[in-house]
Structures are given as C-alpha cells and as structure tokens.
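One-letter residues, chain by chain:
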Amino acid sequence: MNTENLIALLVAAPLLGAAVLLCGGRRLDRVGPWLGTLLAAVPFVIGLVLFTDMLGKGAEERSLHQHLFSWIPVEGFQADVAFQLDQLSMTFVLLISGVGTLIHLYSIGYMEHDERRRRFFGYLNLFLAAMLLLVLADNYLLLYVGWEGVGLASYLLIGFWQHKPSAATAAKKAFLVNRVGDMGLSIAIMLMFTTFGTFAFEPVLGAAEETSEGKLTAIGLMLLLAACGKSAQVPLQSWLGDAMEGPTPVSALIHAATMVTAGVYLIVRSGVIFNGAPDAQLAVTVVGAVTLLFGAIVGCAKDDIKKALAGSTMSQIGYMILAAGLGPIGYVFAIMHLVTHGFFKAGLFLGAGSVMHGMNDEVDMRKYGGLRKYMPVTFVTFGLGYLAIIGFPGLSGFFSKDKIIEAAFAKGGTEGWILGSVALLGAAITAYYMTRVMIMTFFGEKRWEPDAQGNAPHPHESPKSMTIPMILLAVGSVFAGGFFSIGDRFMHWLEPVTHHDHGDSPLSAATVTGATMVVLVIGVSMAWVQYGRRPVPSVAPRGSLVTRAARRDLLQDDFNHVVLVRGGEHLTRSLVYVDHTLVDGVVNGTAASVGGLSGRLRKLQNGYARSYAVSMFGGAAVLIVATLLMRAV
Amino acid sequence: MSFPLLTATAALPAVGAIATAAVPAARRAAAKWLALFFSLATLVLAVVVLVRFDPDGDRYQLTESRAWIADFGVRYELGVDGIGVALIALTALLIPFIILAGWHDADPLETKSSRWRPTQGFFALILAVEAMVIISFEATDVFLFYIFFEAMLIPMYFLIGGFGDRAHAGSDEKASAQRSYAAVKFLLYNLVGGLIMLAAVIGLYVVAGNFSLQEIAEARANGSLDMATNTERLLFLGFFFAFAVKAPLWPLHTWLPNAMGEATAPVAVLITAVVDKVGTFAMLRFCLQLFPEASKWATPVILVLALISIIYGALLAVGQRDIKRLVAYASISHFGFIILGIFAMTSQGQSGATLYMVNHGLSTAALMLVAGFLISRRGSRLIADYGGVQKVAPVLAGTFLVGGLATLSLPGLAPFVSEFLVLVGVFARYPAVGIIATLGIVLAALYTLVLYQRTMTGPVKPEVSAMPDLRVRELAVVAPLIALLIGLGVYPKPLTELVNPAVKHTMSDVQKKDPQPEVEAAK
Amino acid sequence: MTDLAAYTTSTGEAFQFWVLGTVAVIGALCTILMKKAVHSALCLAGTMIVLAVFYLANGAYFLGIVQIVVYTGAIMMLFLFVVMLVGVTAADSLKETIKGQRWLAAVCGLGFAILLFAGIGNASLKDFNGLAKANEGGNVEGLAALIFTKYVFAFEITGALLITATVGAMVLTHRERTERAKTQRERSEERVREGKHLPPLPAPGVYARHNAVDIAGLLPDGTPSELTVNKTLRERGQIRDVSSEALDDLRALEQRATDRLERPDLHRTDTGRNGDGDRAEETEEASK
Amino acid sequence: MNPVNYLYLAALLFAIGATGVLIRRNAIVVFMCIELMLNACNLAFVAFSRLHGNLDGQIIAFFTMVVAAAEVVVGLAIIVSLFRSRHSASVDDASLMKL
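Chains as they are written, first to last, in this note's numbering: chain A, 75 to 707; chain L, 26 to 548; chain P, 50 to 337; chain S, -6 to 92.
Hints in this document: simulated from the structure, not taken from any laboratory.
Quick reminder that beta carbons are idealized off the backbone N, C-alpha and C, glycines included.
Errors might be hidden in some of the hints.
Negatives, chain P to chain A, calculated, CB over 10 angstroms [to be verified]:
1. Val74
2. Ile75
3. Leu91
4. Val115
5. Gln150
6. Leu153
7. Ala154
8. Cys157
9. Gly160
10. Glu185
11. Thr222
12. Arg224
13. Thr227
14. Pro269
15. Arg283
16. Arg300
From chain S, some residues computed to sit far from chain A (all C-beta separations above 10 angstroms) [to be verified]:
17. Met(-6)
18. Val14
19. Ile16
20. His45
21. Met58
22. Glu64
23. Ile71
24. Ser74
Restricting the straight-line Cα-Cα distance to at most 25 angstroms, the calculated cross-link-like pairs of lysine to any residue (SDA-like) are [as the list claims (entries may be wrong)]:
25. Lys538/L - Gln152/A
26. Lys321/L - Glu243/L
27. Lys416/L - Val94/A
28. Lys321/L - Ser533/L
Full structure from sequences and hints, please.
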C-alpha cells in the first residue's frame, strides 16, 4: 500500500466529522459525541500506521509528500493543496490526534448535559482538521489556511457558551488578536513570494541560505508576529487569559496542548530562515524570555484556576519560543518540551475541569481546598502533572525544561547568560505558582460555601470517560520525557528536519541541573510558606502593587483598552462624523448650491410666452453666428 | 451566422421583465413565478455561454456584430472574454436568489386598490436590471456599453425609491423621505459620473473615429492610433470617474450606504453585488485597454484612493449602528481591494481582482440576504435591537456567521483566494501599499465579529425571543450561496483558468510584466 | 413668360421688384404695427398678394396661383372670420407690459436681419440657373411629376396631416353639451327665483339716427343702459355711447325752441327743467 | 438686377415677422406674423428653386403652404376656444407656466 495517499485522510476524517455534525441537524444529537470521537480517533490510528511505516524507513526517506490538486493557479503564482509528512509533522500529528482523541473522550462526560453538545463536537472536529492541515501543509499558504482554520475553531469554541457576553467577547478578542498575527503571516508569505517566487517549504527553505539577510530578517520578524498571535506571546498574549471562558476541554486541547504551540511549529519549520537572520532570532528569544516571565508572574497572581493555568501555558510556550529562537541548538528541545507540555498541561486542564465539574463550575481556587479526599483520581493525575511541569526529576518536564535551560546557556556570550538566567528564574516561579495552585486546590481546609441559591457543592469524582483520559495523560506526563531522552531518541528522530547543534555551554550539564533543582526547591518552599502553612483567605487580600497588576494581566489589557479600543472608538466615531459632514457634506452642499442657483434662475421664467420666444430667437441667432464663425475658421 | 447567444442571454431577462410587468394585478403570485422562471432560464443560457466559451481560444468569443448607427460608427458589437463570462455567470446566478429572497418584499401592504401592482413592477425591474447588466458585460462597443451603463440607473432608481425597506425606525413619512433622498442621491451621483463619461466617449470618437473597443485597442497597440498624452489622460479620467462613482471609490462613495440602507436587502445585493461590478469590470476592460499609458500615469493616485477606501470603509463599518449600512461600508472596503488589484498591474492582482468581483458578489449576497431575513423578522435595522439570536434561530445565526466569515476572507472560503491574490499582486509591485492593505483584513475581522457578537450572541432580548428560524425558501437562497463560497474557496481552479488568459491579454495591453522574484532576478 | 424665369432679370422685373418689394415691406410693417387686428390682416393679405406676384415672376406659376387662392383667399379669410369672432374693432394697446421686451425684440429682429443679410451676402449666389429647363413641360406638370414620384410619401403624410388638423379644429372648437338644455319655463322660473330682471331685455337704442345694435338705449334721463346691448358686445367693451350726443341734440333743440318762442332762457332752465339738466350733466361727467 | 434680391427681401420679411411675434400680444396678430415668416421662407425657396434650376424648392414651398394651412386651422381653433374660456386673445394672459 502506498502510505502517502493516507495523508489526506488525516485531514479528511475530522473534516467529514465536522461537516456531518454541523449540518446534520437534531437527528445526530445522540450519536454526535461518539461519532465525533470516532472520527477524531481515525487520524490517530492512521497516524500510528504511518508512524510505524516511517520507522521502517531510513532517515532520508521518511519525508512523504502527497499532491492533491492545484489550488490557485494564476500566472506566476502556484498554490497547491499538497501535504508533506516528515518527522516534525509526524510528531505533531500524533500529539494532536492523540491528545485530541483523549479530549474528545473526556468531553463526552464533561458536556453530557449540554444540549448543544453535537455542535461542540463538530467544532472540535473542525479544529482537529484545521490543526492537522496546519502541520501537514507543504506550503505556507496552505499552512495559513490551517492557521486561520484553528483560529476559527478557537473562536467558535471559546464562544461556545454564546449566551454569556463574556464568552462572546473573549471569542471575538481571541480572533482579532490572532488576526493581527495572521497579518504577519500573510505579509511573510507575500515577502516569500516576491523573494523566492513561491511559498512551498522545499524551494523556499532550500533557497533561503542564498538570500540576503535583510529579506530573511523581514520574513523572520513577520513569522514571529504570526507566532506571537497564535501562541499568545508578548505583545499579543492578551487573548489567552480571556479564552478560558470556553469549556475546559477546549482550554486543554486548544489553549494548552496544540493550537497555541502552532507558533513554535512555525518557527521551527522555518528554522532555515531564522538561521540566516540572527536579528530575527534574537527577537524570537527576547519574545520568548519576556513571555516566559510575563506568563509566570501572571500565573502567580490569578485565583481563577484556569487563568492561573493559562498564565502557565503562556510561560511554558515562552520556553519553547525561547528554545526555538536559539537556533539549531534549541529546535529539538522546543519540540520536545512542546510534546511533554502537551501531555502534562492537557492533563492539568482536564484535572481543573474535573474539579470544576465536581464544584458546580466554580473556578475560584480560594473556594476550593482539601479536595484530595473527595477526588482521589483527579488529585493523583493533577499531582503528577504538577510534578511534571515544575520539572521534578525523572518526570517529563524535568527532561525537556532542563534541556532548554542548558541550551539557553549554550547560546554563549552575554545573551546566553541572560537568557539562561531568565529561564532559571522562570523555573523558580513555575515551581512557586504551580505549588500554589496545588495547595489551594487540594490541600488545606475546605473553603467552599453554599451559593446564593443555597446549593452547596458536593465534590465528587468525575465519571470514567473523564478520568480515563486524565490517567492516560498523566502516564504521558510521567514517562514521555524519559522515553524521549534516553539515548537522545527524540533528537535523532527530528534531526533530519531541524538539524541539531550542541553549542558550547559555559556550564556543564550537571551544573545546570543542579541549579534547576535549587530554584525548584526555593520556589516550592516559598509557596508552601505562603499558602501551605497559613490558611488561605477565601477572599483575595488586596496585595502589593505587583500582585494587583499581575491580576490584571500586568495592565496590558488596560493598555489595550485605553489605546486601541478607546482610541479606535474615537477614530471610528470621528470618521463617521467626517463622512457625514465633510465627504457627504460636499455632495449635499453642491446639491444645495445648485438648488439655490436654480431658485434664482427660476425667476427668469416669468411665464410670458413672448419672453421665451425672445430667448429662442436669441439662442437661434447665437447658434447661427457660432455656425458661421466655425465655417469661417 | 450562428445563433446569437449573447444577445439571447441579455434579451431573455428583458423579455421576462416585459412579461412580468404585463401580468394582471390579481395574479401577483404568477408574476413572481414568471420572474423566477425567466431568471432561471437566463441562468441556463449563461451556463451555455460558460460551456461554449473556450478559455484558451480567441480573446473575444461568441462575438456578434451588426450595424447600428452607421453615421457615427456605432455598432452593435458583443463579445466576451473570460472576465466577462465570469461576471455574466455571477449575475445570472445571483438574480434567481435575489428574486427568491425578495419574494414577499413587494407584496402590497393593503389590497385596497386593485390597480396598484407593485409586485409585478418589482420583479420586472429586477429583470430589467439583469438584462442591462449582462449586456454591459458583453458590449465591446464603447457607445453601446455607455447606453446600458446609464440606462441601468432608471430601473435601479425605481427599485431603491419605490420599494424601500419596511423595517424602518421612524415614521412612514420619514422613511419615504429618506428613501427618496437615497434614490435621488444614487441617481444624481451616477448621472454626473455618466455625463462626464459621455463627454469622454464623444472625445474618444473624435480621436479614434469609431467606438469599437477591439479596433481602438488594436490601433493603440500597433501604434496606428496615436493620442496626445494630455488627450489620453483626460479621456481616461472621464471614463475612470464614472466607473469610480459606480464602483464606488473613496471619496465618491457616499451614495452607497444611503442606497443600500434604504433599499430592501435583495435590492441592496443587486446594487453592490451586481450593478457596482459593472464599474470595476469597466475599469479593467475600458480604462486599461483604451488608455494604457494614462492608466499607468494615474496608478499612484488611484492606489492611494483605493487604500483609503479599504481602511476608511472598514473603519466606518465598525462605527455603524445600522446592519445594512455596515455591510455597505464593508463593500466600500472590498471595492477598494478590487481597484487595488486592477491597478497593481500584476497578473496576480488582476486575476485576484476579477475573482474578487465574483466572490464579493457571493459573500455579500450571503451576508446581506441573511441580514435581510433577520431584519424582516424583527422589523429593525439597528444592531442594538438584536441580541442572542443565535439561541432562538441557530441556523439563521450560523448562515449569518458563514456570510460574515466570507466577508472577512477566512481561508477556505472563496473571498480569501481573491483577497490574497490581490494582496500578493500589490505587494509584488508596491510593498508598502500591500502592507497597509493587509491592515484591512484585521479591520474586516473587527467589524464582522462585532456585528455578529452584538446581534447573535449574549442574552436573548425579549423582542427576538419568538423569532422563527430560516424557512425553506430562505434556506434555499442561502444554502447554495454558502456551498458556492466553500466550493470556490477550496477549488477555485475553474474560475482562475477562465480568467487567466483574459488577464494575460490585459497585461500585454498595458505592457507591464510581473516583477521577477528576487532569487530569479539575481540569477 | 419664359424670360421671367431666366437667370437674368429684365429691367421690367427689376422695376416690378423694387416697387412691389417696397409695398410688401410696408405691408409687413403695417401688419405688426397696426392697432387693430383687422387692419393687420388686411395688410398681410396685401403683402401676400405681392408675394404671389413674385412667385409668378420667379417661374413658380402654380405656387403663385395657389398663394392667391389658398393663402390670401382662404387662410386670410379664416383669419378675418376669427378676428370678427373675437371682435373686429377691438384695438390692442401697443403699450408694452413686459420690461425690456420691446428693446429685446427690436434687437433680436434687427440682429436676425443683419445675420441673414450677412449670410446671404457671404454665400456665392451669382449663377442663377433659371427654371427654363425645369419648366419645359409646364410648371404644374413638373411639380406633379415630382410630387407623385419623389415626394409621394411626404405628400400622403401631408394629406393625413390635413385631415388630422381638420378633426383637431373640430374637436377644439366643438363644445359638448354636458347637460340638458333648460326649457323656457325653467328659465323663467329661475329668473323669478333670483329676482333679477323679469321681463325681456330692453332693445338697443335704435333711433332714427342709429342703426346698430352696439348702441346702448338711453334711459329717460338720457343716460345709456348697458342692458340693452348684446352680452358679447358688452364683454368686448364694444358699446358705443351716444348719450352725450343725444343730450346735446336735445339741448340744441330746446335752445332752438327757446329762440323761436323768445322765452327767457335762464329763467326756463332755472325753474322748469332744472333737475333733469343737472342730472344729465352729471352722468355725462361720470361716463367720461 | 440680381435675383438674390429676392432673398434679401425674404430675410427682411422674416425678420419683421419675427419682431412682430415678439412684440404683439394679440394671439391672432402673432399668428399672422408667423404666417408672414412662413411666406418669407416660401419666397426664399422659390428663389432658390430658380437658382438651382429645379423644382424641388417649389415643392418644399408647396408643402409649407399645406402645413401652414393645417397649422392655421388648428391654431385658430385654439385661439377661439381660448377666447371662449378666457374672454381674451392676449398671449400674456396665458402665463400659467410661471410658478
């Protein structure tokens, strides 16, 4: 069997699911969730088939191509619908379809009581299709289709509970901010077109080395802008926190494990371009480092469990972007962290969802406390995810994050020191805020109270369809890192695509690991001192200036609001006024003056036929004169 | 002489218009079915044209030529290139939907006067517009084109002024005053443009001695017809002005929001999706072919105006409170893209602009018609009067969203293809212009999503709580449009292949070559 | 006769042209300057006859005759009929009412004349071919040959036009009676109801010296009574007032009688006819 | 004498007629002036006929007469009915075109 032809099926199956579920009508309400899950599992199975097939080939033959049809054939412009499946894409396919299937399964339980769940699964399938298209495309334009497709799915899913104005606003915000990033991607594609005459991966990346650095820098910066939008990096990070308005499985799948990592994929995929543009690379690392700290700080201050996790996501993607900015030293680790993060962050979100499920959708951690007794499975899986993310030795996060910190130092020079220290600092803060989440949720005294209607939550363990995915993801969070790292398996797997460079680290690997352990302990103990030893107040204290700013996403939203939203409102309002008074005023003014003039001229029409006759004769005389003169000339 | 297919395509709706108008007052329903029948028959003929047209054949095909006014060299000359065929197909395709969508728009409010026959008039006027638009797309004689370009205004005037939107905030009197203001504004604006064009048409005759597009263009190309630089520029401006009003280009746009706001939704679609296309089509066919040098001379100014249109239209769309005016400003923004693509003078830009004309027709039709259905349910055009419709009428909201997504050029839907081609085409020659125009896609997302959010999401307003979902007739209008949007977004190849040769001809007319990619240029 | 139609003109024709031309121009000027329409019409008729002569002089024999018969004979008479209908003696005031109209008209007319003269002067009209050849087979035959061949359609259409005009004139002047005519009884009853002038209207003042219906009959005091004159004439303002004449006559008669009877004049008038005489003078002044 | 003089005469009569149309208020007189103008034209046609040596000019003059006759009939009918309704034949009285 020719395995290449299976690639299209990866995208087609969930797409079919989306089409059937969204157009199918009420008849499918009951089978919808199962159908959606099934069609999400199809790409996973096909992915596994392709994966085993790929493992059987030599490293050079592993890249598969499938050309479906010519998409936009225009003079000098050739866009195809064609797929490329190499090791990098394969990694993503397995991650996306695997985690995706688990989260579909989880959603069956989580969305059980929602009357619009058929649609929910349709959207999820749409997301899977778009995401798979994104990673399978063999050219940037098709990637762009997937890129916006996931944006659309994200929009639909964040705003799934549309009756809540906050959800609708959050969805719109996510889409708009993403659009700004998309603008970067489309400009990048245009630049590629004018530079290379094409935007397919192979010719572009093949010719990139011979191209001027200026062009490459421009393309790289535009790609970075795109990545910032999609991956919630500073300065386009503001949508991610609000995106938590969506159902929790959505947060787990889209806003933790897969979609938000698309930026990392884009940068790693375009590695050759960045390699040729050190300035762009520097910008990438700076963005990564800043976001890493930004997200971490925000995560420390949030009392909403999902928003705290969202801050964490931002921060972890900051790590990945940082790694991707390091060039060939970091590409592999960026992807590795991406995969392990996919496991443990999805697990953490599902755990958070499970907690909310048992707590009447309460999200404020100050109203939790002591839940470990009520939800043991959730506690254990969440706990394993927690240990993985803070980088507890032996668990996934340890391997991947440690490598990134190492690589940051290996960058060399002052940059290397700065980046390395930032990454270390980030690790400390990560340990701090995740411990905080853990303690506030599962330890201490119970702090929940009956709500206004007198319904006290009855915390309980979630159903099987929810716990099984959590358990599977926990397994992944525990073992994936180790599995990848033993014998540098993952590095060898990806090397043909991303290439790898060890760099010269000024510090030995052991030193870095030691330092990481130290900051880890510091972070955990600080959190324990603050939240474990003292009871947690159920109403948030006012806090320091930094805390308050962090609660408000470090004032970035306020900045956006004042500068962009208000400014935009004023601009549009004044433009509406200008259009009405000035542009239209000129037109209406012309009309009015013509009207006034005719009012005057009207008086010449005195009604006497003889007057008219005079003008007729006069006119005739003038015409004759004119004719005679013309003749004469 | 073979069967005059093009004449038949244009004449059939004209016959339909007469037949519909002649239906007796009492048989109102019959008039509707008759109009629908004729529009569908025209669609069949348009499909025949599409099939008979060979993209790789001569530039103009299915040509017809008859003497008409011999003394002035005016001939009845028809012929289509790929662009014309695409737009004829679009027109013929949209009219049945427009008729179907406006099925009840012209039912008389009370049956007190049996001689009052608005329904017949409404559908007859729509068919009349169709006939004139189609013949404008076919005419290769400048004078013939001019006549129908202008004559179109008459039925449009009555459609705007006579059949207003019943969903009006104010009193009936105020509504009718605003309506006639809009209609008169539409008429005067376009008449002024048309008059200036008439002067240019006469000027062209004086210079060239005949009106035949092909002959003049040929003579221009092989150098046997030499125009003084200033003459050519003046003539170009005369033509361009009329087309810019029709298109409409900033700052000649202010008639469109009034006209679209006051007209019924199907008529609004007719204005923006069909009639306005004649303007942009004519820029491509007449301005570039007849006055290549002047077109190049004017390009910088036109590009700036088009850019202003894009950004300005989008910003004003954000600031609108009225759904239909919002769509109108969005259209102004889109027309900016089309004009940008035409005057970028690259293959991608012009192909993109042509596709854009078709795709914009489809996307605006989808969005506007659904908006019309929405408005007819609630009886208000104000965005603030809606909220939570998604909950009570999910299919309506869903189709509205798809229409909106098409308007913001989401990849996978047809408008994306054309918008991206335009942007690439512009960027290849004028990078700065391309980048600024790209801002338009962010603003498009803004106004579309704000509209969707305010009308469809949030808590259900009491006034909309009993709103019925789309009916079968309405679904029959929207579903094919959406299918086409998706179909042409995924597989636009048939359309591009239809258009490419025509674009190649135009590019050789203006004697411009696509900019070389840097890598190849270096070699 | 063929000489007249030749390209050169004989002295006789020149003489005829200058004399009759002068007449024609004077006639035309009188047409526009005469106060009374009937005078205008007569002057115009004169001009037309002159023109008919000119036609003949130019070899257009048929047209010359037609000009006299149809134009002067029929059309101008039609004018006269209408003039009579409207009021034959009604004189227009030549006072201009529209500001500047007369000046403008004069300028226009003069300008037009100069213009035409200039045009004719500029055209090279030296060589007259003469009609000798065209009129070979007779003028009427020549015309007929053209009318019934080359111009047959125009001719037929003109016929249609004439018929249409005839019908049009009938339609325009015919008044449809929209209600039943009142009977004599109804009219008299109406008069009684309105209380207006019950007996028949008095006859006009036809005395021995007057033989016209436009002269108002005199009341016993010598003042004219408008009732006695036909309504149409009254409306046109064509009443001839002879009251002063009659009173003067009366006074003269009395004077003569006084002279004859040698009565003291002043005494008589003072005592006997005092009131009547004063009254008559008063009315006379009022009517002036 | 040159027969062109007939043309000068025609021009003169035409101008006089035109002036009459402009200055006279009596509709009947205005009509007469129009007839005068028509006759002037006829004279010119006849003179031209002589100039060209063919009869077409006379034919036109003939048609002019016929049309003039038709015109007079209708025109006078209009005057009569106007007079009946307005009791006046002054063209200034019919100034309904004034707003």
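Evaluation of the provided hints:
The beta carbon of Val74/P is kept farther than 10 angstroms from every beta carbon of chain A, the shortest such distance being approximately 20 angstroms. Every beta carbon of chain A lies more than 10 angstroms from that of Ile75/P, the smallest distance being close to 23 angstroms; the non-interface claim holds. Every CB of chain A lies more than 10 angstroms from the CB of Leu91/P, the least distance being 24 angstroms, so the non-interface label holds. Every beta carbon of chain A lies more than 10 angstroms from that of Val115/P, the smallest distance being close to 29 angstroms; the non-interface claim holds.
Listed as a non-interface residue, Gln150/P fails to keep its Cβ farther than 10 angstroms from every Cβ of chain A; the least gap is roughly 6 angstroms. A beta-carbon of chain A is positioned within 10 angstroms of the beta-carbon of Leu153/P; the least distance is around 5 angstroms. Its closest Cβ contact with chain A, about 6 angstroms, brings Ala154/P to no more than 10 angstroms, contrary to its assignment away from the interface. The beta carbon of Cys157/P is not kept farther than 10 angstroms from every beta carbon of chain A, the shortest such distance being approximately 4 angstroms.
At roughly 5 angstroms, the least C-beta separation between Gly160/P and chain A is not larger than 10 angstroms, which violates its mark as non-interface. For Glu185/P, the requirement that its beta carbon stay farther than 10 angstroms from each beta carbon of chain A is met, with the minimum near 36 angstroms. For Thr222/P, the condition that its CB be more than 10 angstroms from all CB atoms of chain A holds, with the nearest at approximately 21 angstroms. Look at Arg224/P: its CB is around 25 angstroms from the nearest CB on chain A, clear of 10 angstroms, so calling it non-interface holds up.
Residue-level check passed: Thr227/P sits 30 angstroms from the nearest beta carbon of chain A, beyond 10 angstroms. A cut-off of 10 angstroms between C-beta atoms confirms that Pro269/P is not in contact with chain A; the least separation is 47 angstroms. No Cβ of chain A comes within 10 angstroms of the Cβ of Arg283/P; the nearest lies about 28 angstroms off, and the non-interface call holds. Taking the minimum C-beta to C-beta distance to chain A, about 48 angstroms, the non-interface status of Arg300/P holds against the 10 angstroms cut.
Chain A leaves Met(-6)/S outside its interface by the beta-carbon criterion, the shortest separation being 26 angstroms against a cut-off of 10 angstroms. Not every CB of chain A lies more than 10 angstroms from the CB of Val14/S, the least distance being 6 angstroms, so the non-interface label is violated. Separation of Ile16/S from chain A is inadequate, the least Cβ-Cβ distance of about 8 angstroms not exceeding the 10 angstroms criterion. Every beta carbon of chain A lies more than 10 angstroms from that of His45/S, the smallest distance being close to 21 angstroms; the non-interface claim holds.
Under the 10 angstroms C-beta cut-off, the non-interface status given to Met58/S relative to chain A holds; the minimum distance is some 23 angstroms. Against chain A, the non-interface label of Glu64/S holds: every CB pair exceeds 10 angstroms, the least being about 16 angstroms. At the 10 angstroms boundary, the C-beta of Ile71/S stays outside the reach of chain A, the nearest C-beta of that chain being 13 angstroms off. Once the 10 angstroms rule is applied to beta carbons, Ser74/S is consistent with being away from chain A; the minimum gap is 17 angstroms.
Restraint check for Lys538/L and Gln152/A: the C-alpha separation of about 17 angstroms stays at or below 25 angstroms, so the hint holds. Between the alpha carbons of Lys321/L and Glu243/L the distance comes to roughly 18 angstroms, so the proposed pair stays at or under 25 angstroms and holds. As the CA atoms of Lys416/L and Val94/A are separated by approximately 21 angstroms, the hinted pair is consistent with the 25 angstroms bound. Between the alpha carbons of Lys321/L and Ser533/L the distance comes to roughly 13 angstroms, so the proposed pair stays at or under 25 angstroms and holds.
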